[in-house]
Structure formats: structure tokens, C-alpha cells
Amino acid sequence: MVITRDKVLEWIKRYADLLAENRDYLTQLDAAIGDADHGANMDRGFKAVLSKMPEIADKDIGTILKTVGMTLLATVGGAGGPLYGTLFLQAGMKTTGKMELTLEDWINALEAGITGVKNRGKAELGDKTMIDALVPAWNALKQAAENGSNLGEALDRCARAAEEGMKATIPLVARKGRASYLGERSAGHQDPGATSSYLMLRAAAEVWRDA
Amino acid sequence: MVITRDKVLEWIKRYADLLAENRDYLTQLDAAIGDADHGANMDRGFKAVLSKMPEIADKDIGTILKTVGMTLLATVGGAGGPLYGTLFLQAGMKTTGKMELTLEDWINALEAGITGVKNRGKAELGDKTMIDALVPAWNALKQAAENGSNLGEALDRCARAAEEGMKATIPLVARKGRASYLGERSAGHQDPGATSSYLMLRAAAEVWRDA
Amino acid sequence: MKKLINKPEDVVREELEGMALAHPDLIRVHFDPNYVVRVDAPVKGKVGVLSGGGSGHEPMHGGLVGIGMLDAACPGAVFTSPTPDQMLEATKAINGGAGVLHIVKNYTGDIMNFEMAADLARAEGIEVESVIIDDDVAVQDSLYTAGRRGVGSTVLAEKLCGAAAEQGRSLKEVADVCRKVKDWGRSMGMALTSCTVPHVGRPTFDLPEDEMEIGIGIHGEPGRTRMKLKPADEIVEMLMEPIIKDIPYKPGDEVLLFVNGMGGTPLIELYIVYRKAHQIATQHGLKVVRNLIGSYITSLEMAGTSITLLKMDEDMIKLWDAPVKTPGLRWGM
Amino acid sequence: MKKLINKPEDVVREELEGMALAHPDLIRVHFDPNYVVRVDAPVKGKVGVLSGGGSGHEPMHGGLVGIGMLDAACPGAVFTSPTPDQMLEATKAINGGAGVLHIVKNYTGDIMNFEMAADLARAEGIEVESVIIDDDVAVQDSLYTAGRRGVGSTVLAEKLCGAAAEQGRSLKEVADVCRKVKDWGRSMGMALTSCTVPHVGRPTFDLPEDEMEIGIGIHGEPGRTRMKLKPADEIVEMLMEPIIKDIPYKPGDEVLLFVNGMGGTPLIELYIVYRKAHQIATQHGLKVVRNLIGSYITSLEMAGTSITLLKMDEDMIKLWDAPVKTPGLRWGM
Ligand SMILES: Nc1ncnc2c1ncn2[C@@H]1O[C@H](COP(=O)(O)OP(=O)(O)O)[C@@H](O)[C@H]1O
Ligand SMILES: Nc1ncnc2c1ncn2[C@@H]1O[C@H](COP(=O)(O)OP(=O)(O)O)[C@@H](O)[C@H]1O
Ligand SMILES: [Mg+2]
Ligand SMILES: [Mg+2]
Ligand SMILES: [Mg+2]
Ligand SMILES: [Mg+2]
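Protein chains in written order, with this note's numbering: chain A, 1 to 211; chain B, 1 to 211; chain C, 1 to 333; chain D, 1 to 333.
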């Protein structure tokens with residue numbers, strides 16, 4: 001049960017599709033407490049990533065993820081660009097030279113990515129950001145692996161925890177990012193970045209489930 | 001059967017009231033084919049006239065009408081200001097020194113006023129302007145007098161002809177004033193200036209009917 | 001009605017008070033009768049340049065008073081020509097002994113009021129010339145109608161005549177510059193939305209979400225035709241083609257291209273309009289030697305644009321480049 | 001959606017093309033990555049001044065590039081911070097050997113992208129200082145949040161720093177001017193209408209005909225509170241009081257008063273706002289020594305206004321008065 005390079009490429013493709021499908025939904029979430037661009041930004045970035053895929057399809061997973069990160073950095077902009085760019089860059093650093101990932105490799109790569117996001121954005125759990133989806137998701141992944149779950153099960157747990165984390169952002173008052181300018185008015189809305197992070201992990205669960 | 005100075009003052013007052021009542025109506029007519037200010041302009045002008053009334057209440061009719069004309073010139077602006085200003089000024093010139101008007105005096109005064117409007121605005125019958133209310137009205141007044149009608153009857157005929165002239169502007173395509181810029185689109189709307197002219201003559205009929 | 005105003009009847013006075021507080025170095029504002037006048041008026045020996053019209057077109061005209069442009073402006077009520085007494089007082093205030101030019105936009109009201117004012121000023125011994133700007137190609141010209149509206153060229157005429165007067169040219173010479181602008185300038189405009197006249201409180205016309213008005217003026221009046229909303233490039237074509245054909249402008253002509261916002265249109269859109277207008281002008285062989293992009297002759301908060309082309313000769317280019325220092329237009333000083 | 005645009009995805013590129021066609025004497029526009037740069041950049045020995053941010057705020061920033069103001073500006077997608085590669089390229093393009101100042105508005109995205117760009121530029125041996133403008137008093141400041149937004153002061157910082165750089169001051173000295181603006185400038189804004197982001201196609205928020213948002217930023221985001229529409233004078237009080245109390249400004253302080261339009265608000269309304277803002281400032285004993293009135297930092301076609309107060313000292317007044325020649329702000333040349 002390993003994640004092959006092709007599965008990694010498939011995951012990126014699946015995430016890009018999910019972002020395109022959910023573009024308006026993400027934008028709508030961002031309109032409520034932000035500036036109505038998260039969907040367009042992520043979609044623009046992953047469209048650029050897709051156009052880079054042919055060039056990197058025969059590279060190692062580290063190179064692939066770093067290329068995704070660099071592309072996001074140069075095309076997404078806003079808060080999403082540096083954060084997702086960093087996430088993929090750091091995950092790529094952790095997987096340099098690898099042609100496949102074990103569950104453990106993925107746990108380490110994701111951890112590196114999340115750490116990168118934390119360092120860059122300085123958000124804490126509960127600030128109503130993508131961190132609120134990513135951190136519980138990673139915890140669930142790690143826990144599942146420690147409990148001996150197989151890859152598919154662990155990824156499912158991870159995606160479900162991300163979804164819960166995402167929903168749990170609804171009542172929160174934002175303390176980071178653009179939504180924080182709304183103060184109390186930010187409560188009652190789901191965070192767009194937590195939502196795009198959930199989609200990323202859902203895509204992984206869907207595509208890697210029966211790796 | 002003469003029109004006393006007090007009746008002239010009453011007429012002006014009545015016209016001012018009618019303009020205030022019909023302010024929004026006139027503005028609405030002007031919005032359709034002009035710039036939505038005729039009601040406000042005329043109302044502003046006659047409010048200024050009213051505030052001058054105490055100063056001129058003991059003057060002759062010529063002075064009163066000239067003062068009305070000067071006040072309109074200085075307060076109405078737009079096309080309405082010079083046109084109504086001229087109408088009252090010219091009517092005032094024709095009635096200098098008079099403390100009362102016979103029907104014939106009024107016919108002559110109104111004729112002078114209308115001639116002033118024509119000279120200033122160069123509109124012809126059928127151009128969709130106040131001329132289309134004023135000229136038929138004056139013709140009816142003159143005709144009634146020639147037919148031996150009494151003052152009240154003649155003034156009624158005059159007001160009714162003004163009303164018909166006003167309504168007859170509806171199908172016309174404007175050739176003068178701001179409505180002319182609309183070309184064919186000006187057809188189907190009643191001219192605001194013809195409407196305010198009708199109100200002026202209706203006020204005369206109401207107030208002088210049983211002079 | 002969504003506006004940053006207090007009472008509708010106070011709009012013009014309060015706006016003028018704001019201008020007076022903001023620009024005491026450039027202008028003085030006189031109330032009752034209302035006019036905005038250059039702070040050092042009358043400038044001895046210099047031709048005075050006066051314009052005026054209804055309010056609601058800011059910065060035109062009051063915001064274009066200053067060195068190198070208008071000596072005075074008479075603001076009327078919103079969209080209503082000012083009155084002869086205002087114009088007479090302003091004319092007197094700027095008469096430095098060399099006469100006064102009245103730049104009049106071709107509207108019945110403006111013309112009649114300025115005519116009376118010029119008569120009154122002449123009766124007081126002031127030499128007055130009037131030039132009527134009528135550059136709007138959306139309106140068919142005819143001897144039997146009120147003719148064409150005066151729109152965008154007015155701003156350009158005010159700049160060029162102001163510069164000519166500043167150079168010490170005679171009244172006739174300054175008026176000649178104005179007549180050149182009248183002859184060589186053409187405009188056309190369109191609206192995405194209606195404006196709302198303050199004392200009316202609702203939009204002058206209703207325009208569905210997917211429609212626009214082509215051939216509008218600057219008083220919130222409906223245009224010549226209403227049609228479905230189109231991409232900017234097609235709209236610009238609809239404005240540019242009638243303008244270019246009108247004089248017509250000929251290949252090799254040097255022109256000033258003025259893309260104007262109607263008040264509610266942001267600069268980002270005006271540059272998209274400018275892009276296509278410049279391309280079309282170039283395709284027709286015109287050489288865009290100067291331009292102006294911004295909201296200079298507006299219609300309250302109306303969204304939309306107008307385009308003005310003005311054929312330029314060497315003298316006009318020099319006059320355009322001459323220093324100007326007004327609240328609304330400024331360079332070289 | 002009523003806009004003068006073609007396809008939503010082409011808005012920024014076409015606007016930049018329009019700017020390039022309009023102002024070849026002042027700026028060059030570089031595409032892929034996108035940045036607007038002063039035509040004579042890099043100016044040898046001069047500190048380069050760079051800013052950037054999402055598009056939709058025109059003329060800020062691209063329209064403020066030129067002599068005496070910005071050396072370059074990086075436009076992002078509408079309301080989206082530009083990316084580090086743009087900023088890096090622009091930084092390199094304007095580095096005349098004396099280093100480059102990054103003027104950054106306090107938004108998470110802008111900060112992170114500028115941070116990365118500064119790191120990259122330093123890695124290439126270019127000295128970079130960054131100053132973060134965070135002047136919006138509508139947002140409560142706190143160490144535990146993203147802090148205050150950067151709004152109107154940014155325009156003023158760009159003018160003053162541009163003038164300081166033009167004088168040949170060092171990077172540290174130019175950055176010191178920026179830090180002074182950061183410390184001495186405060187702003188607050190309000191909206192009468194929402195704007196519509198082109199790719200979204202509908203207003204970011206719904207605002208009933210009789211309501212307004214107080215404490216908005218410049219990205220079409222809702223404000224801190226929504227309330228019934230009020231007369232302009234009351235609105236201005238609601239903006240001015242928190243501003244004045246914040247630093248606080250003290251009687252005798254000399255200030256620059258900047259009344260800004262959000263894009264869909266005409267000048268006539270801005271002067272009504274200015275009138276009251278000036279009165280309130282004066283009542284508090286502040287001396288308005290300079291002002292700026294117009295739509296300089298906009299939010300697409302949003303109707304509304306923001307007010308900025310900046311305490312001025314003698315040096316800042318001189319820097320403000322220094323010549324500037326950009327598409328959007330110009331005097332003295
Ligand atoms: N400091 C931060 N740390 C982590 N995530 C953040 C931070 N600031 C914002 N975000 C995330 O970014 C999302 C917004 O992204 P996006 O809309 O692309 O950028 P912007 O806010 O610049 O428009 C938010 O929903 C939030 O999840
Ligand atoms: N040349 C003219 N001769 C006579 N009446 C005219 C002329 N031009 C316009 N009018 C009248 O003036 C009316 C409009 O007046 P008003 O709205 O006050 O002025 P403006 O058109 O300047 O806004 C028109 O309805 C028309 O009756
Ligand atoms: Mg966003
Ligand atoms: Mg009218
Ligand atoms: Mg009018
Ligand atoms: Mg954004």
C-alpha cells in the first residue's frame with residue numbers, strides 16, 4: 001500500500017478539478033467574510049499547475065510537489081498563494097527523490113507542509129483559518145497510522161477530520177487573515193481557506209484510498 | 001368685470017401653490033424627456049416670488065408682473081427661467097401703471113408675454129414646448145372676447161385650450177429644448193413646460209372667473 | 001437615494017463651501033449670486049474666461065477655475081443652467097479690461113441665460129464674446145432643432161482658452177481658439193446606469209441590469225437608443241465610429257483623445273475604454289498626440305463614459321501643455 | 001454586472017495595456033510578470049520606491065508611478081495581492097544601487113508575498129526595507145490578530161517617500177519618512193453600495209437601499225457595522241471622531257486632510273464630505289495645512305468615502321509640495 005508518483009499526479013489533478021467545481025462556492029464563502037477571491041485564486045493557480053503537469057510527469061514526487069508550490073506562489077497571490085505555495089514546497093522538500101510514498105512518508109510530508117503554513121502565517125488553532133482544517137486532519141492521520149489503520153482508512157479519517165475542522169470554523173471569530181477585520185461579524189461563516197484545505201485532503205482520500 | 005391688482009396678486013399666489021402641488025408631477029414629466037428639474041425650478045422660482053410679494057403688494061400691476069419676471073430670471077435658471085421671466089417681464093411692460101386689467105388688457109399683456117417667449121426661444125407651434133399650450137390658449141381667449149364672452153367664460157376657454165394644447169404635445173417629436181435630443185423617443189410624453197403653462201392659465205381662470 | 005449629502009436643497013451650497021474651504025489658494029467662492037472665481041481675479045489686461053452650467057458635472061466648471069484655465073464659473077442648481085445675474089456678476093468680477101469670453105454649452109437654457117447676461121454686461125461696457133460648444137454627435141444636427149448638445153469638448157476648450165488668455169492674447173484670439181475647439185472636437189457618451197437628481201430622489205430613468213443607453217448627454221437624460229449591454233470593446237466602437245466619421249477626422253490628423261467617466265465609473269474601466277479607443281483611432285490613421293483620462297464632465301453618480309476627439313494643431317498642443325493650476329486639472333505648476 | 005469591461009479574466013491585462021498606451025512618457029508596463037515601472041528606471045543612485053497590491057484600487061498603485069512618487073507598482077488580480085516573482089522583478093528593475101523601499105499595506109497576503117520577495121531580492125544582493133501601513137481605525141489593533149488594514153495613508157506615504165527618494169535621501173531616510181506616515185496617519189471608510197468583483201459577477205454584499213456600511217476596507221468586504229443611511233454630516237462625524245481620538249491628534253497639530261472616493265462616488269459629494277471634515281478638524285483645533293480630495297484609493301465602483309488624517313511636520317509639507325508627475329497625481333511639472 002504505497003502512493004505512487006502517478007497517484008500523486010492524479011491527486012493534484014483531482015484537487016484541481018474539485019477547485020474548479022467549487023470555485024464559486026469558495027468565492028461565495030470568501031465574499032461573506034473576505035474579498036470574494038479565494039475560489040478564483042485557487043482555481044487560477046491550479047489551472048497553471050495543470051499546464052505544468054506534462055513537464056513534470058516523469059520527475060520524482062519531491063520535484064513535482066516543489067513545482068506545484070512554486071507555481072502556486074507565482075500565480076495565486078493573496079494569502080492563499082504563499083500559504084499553499086509553502087505547504088507544497090515544504091512537502092516537496094520532505095519527499096525529494098522519492099518515486100512513491102508510504103503512509104509514513106505522507107504523514108511527514110504533510111507535517112512539513114503544515115509547519116511551513118504555520119511559520120508563514122503565524123495562525124494558531126482557532127483563529128478561523130486553514131490551520132483549523134489542516135491540524136486536526138493531520139492529527140487524525142497520525143492517530144490512525146499509530147492505531148494501525150491501513151492507508152485508505154487513515155486517509156478517510158484525515159479527510160473527515162478536515163471536514164469537521166472546516167465546519168468548526170463557522171462559529172469562530174476570525175483572528176487572522178482578512179476575516180479578522182470583521183471582528184464579531186465574522187462568526188457564523190465558514191472559512192474559505194479551511195474549505196479549500198478540506199478539499200485537498202478529500203481529493204487525497206478519494207484518489208489514494210485504494211492505492 | 002375687471003381684474004383688480006389684488007386679483008393679480010391672488011393669481012400669482014394660486015399659481016405658486018399649483019406649482020408646489022405639481023412639483024413632482026412636472027419633474028416626472030421632465031425626467032421622461034428632459035433632466036428632471038422643471039418642477040423644482042418653477043417651484044424654487046415662485047417660492048422666491050412669494051417672498052417678494054409683501055414688497056410689491058401696493059404697486060401697480062405692471063410693477064408687480066415685472067418684479068415677478070425679474071425674480072424668475074434670477075432664481076429659476078434653465079430654459080424655464082428666461083422664458084417665464086420674459087413672459088412676465090413683457091406682460092409687465094404692457095401693463096405699466098395699471099391698477100386693474102380689463103379682458104382686453106389681459107389679452108394684450110398675454111400676447112406681449114407670448115411674443116417675448118417666442119423671440120427668446122424661437123420655438124414654433126408643434127415643436128413640443130410651452131408655446132403649444134400658450135398660443136392656442138391665447139387664440140381661444142381672443143376668439144372668446146371677439147364672440148362677446150364675459151371674462152370668466154373667456155378665461156375658461158383659454159385654460160381649456162391650454163389643456164388641450166398641453167395634451168396635444170404628447171405625440172409630438174420635440175424640435176426645441178432638451179427633449180429634442182431624444183429625437184423620436186420624445187414622442188409619447190407630455191411636455192413639462194406646456195404643462196406648467198397650462199397651470200398658469202388655469203390659475204387665472206380659477207381666481208379671476210368671478211372677478 | 002444613496003448619496004453623501006445632507007438636504008437635497010443644500011447640495012450646491014455645501015459643495016461650494018467645501019470647495020472654498022479646500023482651495024483658498026486657488027479660488028474664492030461668492031454666494032448670492034453663486035460663482036467661483038480665481039483668487040487673483042480680475043487679472044489686469046488679461047481676457048477673462050467664464051463658463052457655467054448646472055451643477056452635477058464636477059469638476060466642471062467650478063473645479064476648473066484657476067491659473068491657466070477658467071477665471072470664473074457659475075454653478076446653477078443641479079442640471080439647471082445658472083441665471084443671468086450670476087453670470088453678470090462673475091463677468092464683472094473677472095473683467096481685467098480686456099473683455100470676457102463666455103464658453104457656453106449648447107442647451108436652450110444655458111444659451112438664453114448667457115445671452116441675457118452678455119447683453120447686460122455689454123450694457124455695462126464690458127466686451128463679451130460667446131462661443132457655443134455643440135460637439136455631441138449622438139444628436140443629429142439641424143437648423144430646425146436645438147442642435148447638438150455641448151459635452152466633453154467644453155473641458156478641452158476651457159483648458160486651451162485659459163492658456164491662450166494667460167498668454168495675453170486678445171478677446172478675439174481667445175475666442176478663435178474656442179471656435180477651433182467647437183469646429184474640431186466631437187464627442188459621444190453612454191450610460192450603464194441612470195443618475196439620481198437629489199431633489200427627485202429616484203433614478204431619472206430605469207435601466208434593467210442587462211441594458212445600457214447609448215448617446216446620452218450629461219443631465220441624466222435617456223440616450224438615443226437603449227440596447228443590451230455589450231463588451232467594452234464593442235461599446236467603444238459604437239462611440240468612436242460616429243465621432244470619427246462626423247467631421248470626418250482624416251488619416252494623419254493629430255488628435256487629443258479624451259476618455260471621460262460619468263461620475264460612477266472607476267478609473268480601471270476608463271483605461272479599458274481608453275485602450276480600445278486608442279487602438280481604433282490608430283487604425284483610422286489618427287495620431288493620438290495628447291490624452292486625458294478621468295471623470296471631468298460628469299453626471300452625478302451615473303456610471304458610463306464619453307469619448308471626445310479633438311483635432312490638434314501645433315498651437316493647440318502648446319496651449320494644452322501650458323501650465324494649469326486648478327482644483328481639478330493641474331500640471332506645470 | 002454593469003461594467004465597461006470585456007472578459008473578467010482580461011480586466012487587469014487590458015487596463016494595463018490602456019495605461020501603457022496612454023502614458024508612454026511616464027511609465028512602461030511589463031507583462032508576465034506584471035509590473036508598472038517609471039519610464040527611466042532604474043534611476044542611478046536613487047532609492048527605488050515600490051508598492052503593489054490587488055487591482056481594483058486605481059489609480060493606486062500603477063497610476064502613481066512616475067517622477068517624485070513610485071518607481072514601480074505590482075498589480076495583482078482584482079483584490080488579490082500580487083506574487084513574489086512580480087515584486088522581485090520590479091525590485092530589480094528599479095534598483096539604482098541605493099536599495100529599494102517596499103511600501104506594504106497590512107493584509108496577510110500582501111505581507112507574506114512581500115516578505116518572500118524581499119528575501120529573494122536580498123538574496124540577489126539588493127538592499128530592501130519594508131514598511132507596513134496599517135492606518136484603518138475601524139479595525140481594532142491587537143497583537144493577536146492581523147491588526148489594522150492599510151488604506152488611505154498608503155497614497156500619502158507613496159507621495160512623501162517618492163519625493164524623499166527623488167531628493168537623494170538614503171534608503172533608511174526614505175523608510176523613516178514612511179514610518180512617520182505609518183505612525184501619524186489614520187483613516188476610516190464607509191460604503192453606500194457594494195462593489196462587484198468582475199469574476200464574481202454580483203455584488204460582494206447586499207446593502208438595502210436605506211442602509212450603509214461603516215468601517216469598510218478597500219476590498220469590498222463588509223464593514224464593522226451596518227446601519228440606516230444618515231446625512232453626510234453625521235457620517236463624517238462617525239468617521240472623523242474615531243480617527244481624531246486614535247493617535248490622538250492634538251489641538252495645534254498641522255494635518256493633511258484626505259477625502260477619498262471609493263470609485264463610484266462623484267466629486268460633488270466628496271466636497272460635501274470635505275466641508276464637514278474640515279469643520280470638525282478645525283473644531284478640534286487641528287490646522288488643515290494640506291488636503292487631497294478625489295478618488296485615489298478605490299474599491300472598483302463602490303460608492304462611499306474614506307477620510308485620512310496625517311499629521312504633518314515641516315519636512316513632510318515640503319515633501320508633499322515637491323513636484324510629482326504620475327498619471328494619477330501631478331503638480332509642479
Ligand atoms: N495567517 C494565516 N494563516 C493561515 N491561513 C490564513 C492566514 N490568513 C488567511 N488565511 C487563510 O487564507 C484564506 C483566504 O485566502 P484568499 O482569499 O486566497 O486570500 P486573501 O485573504 O488575501 O484574499 C482564509 O480563508 C484563511 O483560511
Ligand atoms: N426654445 C424654447 N421655446 C419655448 N419653450 C421652450 C424652449 N425650450 C424649452 N422650452 C420649454 O422649457 C421646458 C423645460 O424647462 P426646464 O426643465 O425648466 O428647463 P431645462 O430644459 O433647461 O431643464 C420644456 O418642457 C419646454 O416647454
Ligand atoms: Mg480572499
Ligand atoms: Mg428640465
Ligand atoms: Mg435643466
Ligand atoms: Mg484577496
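Please note that the accuracy of each hint is not assured.
[Unchecked claim] For lysine-lysine, the following DSSO-like pairs were computed, each having C-alpha atoms within a straight-line distance of at most 30 Å:
| id | chain 1 | residue 1 | chain 2 | residue 2 |
| --- | --- | --- | --- | --- |
| 1 | C | Lys325 | D | Lys287 |
| 2 | C | Lys2 | D | Lys7 |
| 3 | C | Lys311 | C | Lys172 |
| 4 | C | Lys7 | D | Lys172 |
| 5 | C | Lys2 | C | Lys44 |
| 6 | C | Lys7 | D | Lys230 |
| 7 | B | Lys122 | C | Lys172 |
| 8 | C | Lys325 | D | Lys180 |
| 9 | D | Lys180 | A | Lys13 |
| 10 | D | Lys172 | D | Lys2 |
| 11 | B | Lys122 | B | Lys167 |
| 12 | D | Lys245 | C | Lys230 |
| 13 | B | Lys59 | B | Lys7 |
| 14 | B | Lys47 | C | Lys311 |
| 15 | A | Lys47 | A | Lys13 |
| 16 | B | Lys59 | B | Lys167 |
Keep in mind the hints are simulated off the structure, nothing from the lab.
Outcome of the hint check:
A C-alpha spacing of about 23 Å is found between lysine 325 of chain C and lysine 287 of chain D, which places the hinted pair at or below 30 Å, so the restraint holds. Only pairs whose Cα atoms come within 30 Å are accepted, and lysine 2 of chain C paired with lysine 7 of chain D is accepted, the gap being roughly 29 Å. Using a Cα cut-off of 30 Å, the hinted pair lysine 311 of chain C and lysine 172 of chain C holds, with the two alpha carbons roughly 21 Å apart. Proximity of lysine 7 of chain C to lysine 172 of chain D is assessed by CA-CA distance (about 50 Å); at most 30 Å being required, the pair is judged violated.
With a C-alpha separation of about 45 Å, the suggested pairing of lysine 2 of chain C with lysine 44 of chain C is violated against the 30 Å cut-off. Restraint check for lysine 7 of chain C and lysine 230 of chain D: satisfied, since their Cα atoms lie roughly 11 Å apart, inside the 30 Å limit. For the hint pairing lysine 122 of chain B with lysine 172 of chain C, the CA-to-CA distance comes to about 28 Å; that is within 30 Å, so the pair holds. In summary, the hint linking lysine 325 of chain C to lysine 180 of chain D is supported, as the alpha carbons are separated by about 29 Å, within the 30 Å threshold.
With a CA separation close to 48 Å, the supplied pair lysine 180 of chain D and lysine 13 of chain A exceeds the 30 Å bound. Taken as a hint, the lysine 172 of chain D and lysine 2 of chain D pair is broken in the structure, with Cα atoms around 45 Å apart against an allowance of 30 Å. For the hint pairing lysine 122 of chain B with lysine 167 of chain B, the CA-to-CA distance comes to about 21 Å; that is within 30 Å, so the pair holds. Simply put, lysine 245 of chain D and lysine 230 of chain C have alpha-carbon atoms about 48 Å apart, too far for the 30 Å limit, and the pair is violated.
With a C-alpha separation of about 13 Å, the suggested pair lysine 59 of chain B and lysine 7 of chain B falls inside the 30 Å cut-off, and the hint holds. For the given pair, lysine 47 of chain B sits about 47 Å from lysine 311 of chain C by alpha-carbon distance, which is inconsistent with the 30 Å threshold. Our distance criterion of 30 Å between C-alpha atoms is met by lysine 47 of chain A and lysine 13 of chain A, whose separation comes to about 9 Å. Of the supplied pair hints, the one linking lysine 59 of chain B and lysine 167 of chain B is violated, its CA atoms being roughly 36 Å apart against a limit of 30 Å.
In this structure, the hints that do not hold are numbers 4, 5, 9, 10, 12, 14, 16, in rising order.
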